[in-house]
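A.B. asks: This is what each chain is made of:
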Amino acid sequence: MSNDTRFKRYLKLDLLPTPWCPGCGNGIALKTICQAFGELELPKQGTVVVSGIGCSGRSAGFFDLDSVHTAHGRAIPVAEGIKYANDTLNVVVVSGDGDLLGIGGNHLLHAIRRNTNITVICYANETYGMTGGQVSPITPHNTKTLTTPHGNPDYPADVQSLFKHHNCFYARTTAYHLSHMKKCFLEALKFKGFSFVEARTMCIVNYGRRLGYKNSNEMLLHYKEFYRINDYAEELAQDEIGILKTTTVS
Amino acid sequence: MPKKLLQGNEAIAQAAEAAGLQFFAGYPITPASEIIHEMVNKKHIKTMQMEDEIASINAVIGASLAGLKAMTATSGPGFSLMQESIGLAHMMEVPLVIVNVQRVGPSTGMPTLPAQGDVIQCIHGSHGDYFPIVFYPNSVFELFRYTIAAFNAAEESMSPVILLSDGYISHLYETIVPHYDCTITPRSRPALGMGNRHFTGLSHKGSVLKTSDVNNYRQLIASFREKQQMTAHRHNYFEYLECSRETDTLLISYGALSRAAYYFKNDFALYRPIRMFPAVEEIRKIAPRYKRIRMMEMNTGQYVYEIERMLHREVEFIPILGGRIDPKEIKQTLYEQ
Ligand SMILES: Cc1ncc(C[n+]2csc(CCOP(=O)(O)OP(=O)(O)O)c2C)c(N)n1
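So the sequence lines, in the order shown, correspond to chains A and B. So the first sequence is numbered by the working numbering: it starts at 1 and just counts up by one. So the second sequence is numbered by the working numbering: it starts at 1 and just counts up by one.
Treat each hint with caution, since some may be false.
Stated by the list, open to error - Distance condition first, Cα-Cα at most 20 angstroms in a straight line; then the derived DMTMM-like pairs of lysine to aspartate or glutamate:
#	chain 1	residue 1	chain 2	residue 2
1	A	Lys182	A	Asp87
2	B	Lys43	A	Asp64
3	B	Lys331	B	Asp267
4	B	Lys205	A	Asp64
As the list claims (entries may be wrong) - Coverage of chain A stretches by chain B, computed from C-beta distances (three or more under 8 angstroms per stretch; other residues unrestricted):
#	stretch
5	22-34
6	44-52
7	78-84
8	96-110
Source of the hints: derived by calculation from the structure; they are not laboratory data. For each residue, glycine too, the CB sits at the ideal point set by N, CA and C.
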């Protein structure tokens with residue numbers, strides 16, 4: 001554990017605790033984002049956070065920065081509008097997998113194409129947490145959720161493939177791999193162009209519990225056991241986390 | 001000032017530039033596309049063709065929060081897509097201008113023909129209660145003049161203002177002297193990136209969330225209405241033409257259709273709202289002079305309810321549907337009833 005407390009500058013500490021359930025992984029990602037901000041010493045005046053709707057969408061309000069809480073799925077176009085208006089701003093989107101990949105998926109596709117110089121951090125809990133735990137675009141095949149009581153008949157979206165042929169940044173990490181998560185955030189924030197980090201965060205209350213996990217620690221340990229780090233690979237296998245290579249060379 | 005032959009949509013673009021527009025985002029749609037075609041050639045206006053109208057309005061919201069005067073333009077199908085985010089812009093008090101060049105609906109309808117089917121959508125299209133200011137000019141000069149008014153009203157009310165047009169007046173060419181007699185209201189709110197404010201669609205007080213505070217919600221909604229009323233007072237636009245002959249009838253129309261109404265100015269008194277919402281109060285003083293109030297719209301009856309609500313009396317309604325504005329046909333309808 002580091003004694004670096006610079007991250008605190010970026011939080012509205014008086015608003016804590018967050019409204020997230022006990023055991024939720026979002027707080028880990030939130031703190032890690034602020035640590036990355038702190039290490040980069042991002043100026044508080046000049047950094048803006050934008051969120052969509054969902055548990056994860058509540059993130060924006062906890063930053064001690066100007067922040068915008070948009071409609072469901074619309075964080076990316078709002079963030080792009082901000083960046084076009086003032087490209088000296090650091091514009092960071094923090095939102096959920098349902099928000100960014102489901103209802104807002106079309107915007108993601110086009111932000112990648114435009115390679116807008118913003119950073120998107122996706123709290124990827126594999127479910128629609130806020131609405132009770134329905135299937136999300138990255139819920140694994142066969143997984144039981146509120147709306148897939150017999151198991152998800154579909155396969156999860158291959159998010160990394162969207163990035164392959166564009167000069168954008170893509171990384172996948174988890175709430176267990178703390179230093180890797182921070183590294184992904186740091187590189188994403190430093191990247192000139194569109195950067196996206198899919199940060200796996202556990203939702204025990206509306207997701208993991210239905211899959212048989214007894215507590216959120218078990219979900220964290222699953223991340224530890226399941227994922228191997230493979231940074232700068234051409235492609236990440238299902239059980240790999242890392243930063244995609246193709247997109248980091250310019 | 002020199003005279004210029006301008007198309008309606010070109011006049012909107014030129015007026016937006018004169019009003020200080022700095023950011024435009026849109027998606028192609030007949031009969032509004034000429035507006036984005038104009039914008040891409042303007043040096044000081046950053047213009048983006050987005051992936052859809054939802055992205056357009058949201059990019060405009062972002063740019064406005066970041067300190068620029070911002071605008072989008074569309075027609076009915078795109079306006080429908082924007083509705084959720086229009087509510088967001090009201091909730092976050094974001095000044096911006098939306099142009100809706102109406103065409104025949106529902107759905108894809110008759111894209112090249114004019115209509116007035118989106119009037120109620122302007123005030124009730126998004127969920128919840130909000131209070132937009134809406135202008136609807138009827139000539140190329142007026143499109144110029146009221147585009148400027150729309151930008152001013154947006155800054156004054158810190159809210160999205162709608163400029164309605166239709167496929168007829170937006171595609172009309174007229175020789176105008178593009179001038180305006182008002183001052184240009186500057187951007188008022190500090191741009192993003194200067195503090196720790198939180199802008200949200202949730203009920204709030206300043207930057208603080210008030211997601212289940214009933215009294216705060218009531219105050220918030222009341223303050224939105226008050227802002228609209230205060231701003232509207234400064235933009236009291238309407239046209240009233242008394243009849244040269246004795247008449248007991250007031251004929252109400254607006255937009256493209258009101259140009260056909262001028263044919264009947266020797267038989268009826270004419271009233272035309274330009275500020276559609278909130279409705280201009282003067283109609284309450286004008287109407288009692290007439291026994292009959294008749295209203296034409298290019299829809300099956302939308303603004304007529306607003307007029308009836310204002311006057312507490314029945315208004316005879318004449319629908320002019322399908323985009324055809326034919327004075328002969330209108331005359332027949334007007335005189336046979
Ligand atoms: C247009 C619209 N549709 C549906 C909703 C309801 N809704 C709120 S949050 C949410 C899901 C959010 O899921 P995700 O982005 O994965 O975030 P999480 O809550 O899991 O963090 C939905 C469907 C909404 N607010 N707006």
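A.B. asks: Now, for every hint given, state plainly whether the structure supports it.
C.D. replies: These are the hints, each one checked on the structure:
no., hint, in the structure
1, A:Lys182 x A:Asp87, "violated, 24 angstroms"
2, B:Lys43 x A:Asp64, "violated, 36 angstroms"
3, B:Lys331 x B:Asp267, "holds, 11 angstroms"
4, B:Lys205 x A:Asp64, "holds, 17 angstroms"
5, 22-34, "violated (count 0)"
6, 44-52, "holds (count 6)"
7, 78-84, "holds (count 7)"
8, 96-110, "holds (count 4)"
Comparing the model with each numbered hint stated earlier shows that hints 1, 2, 5 do not hold.
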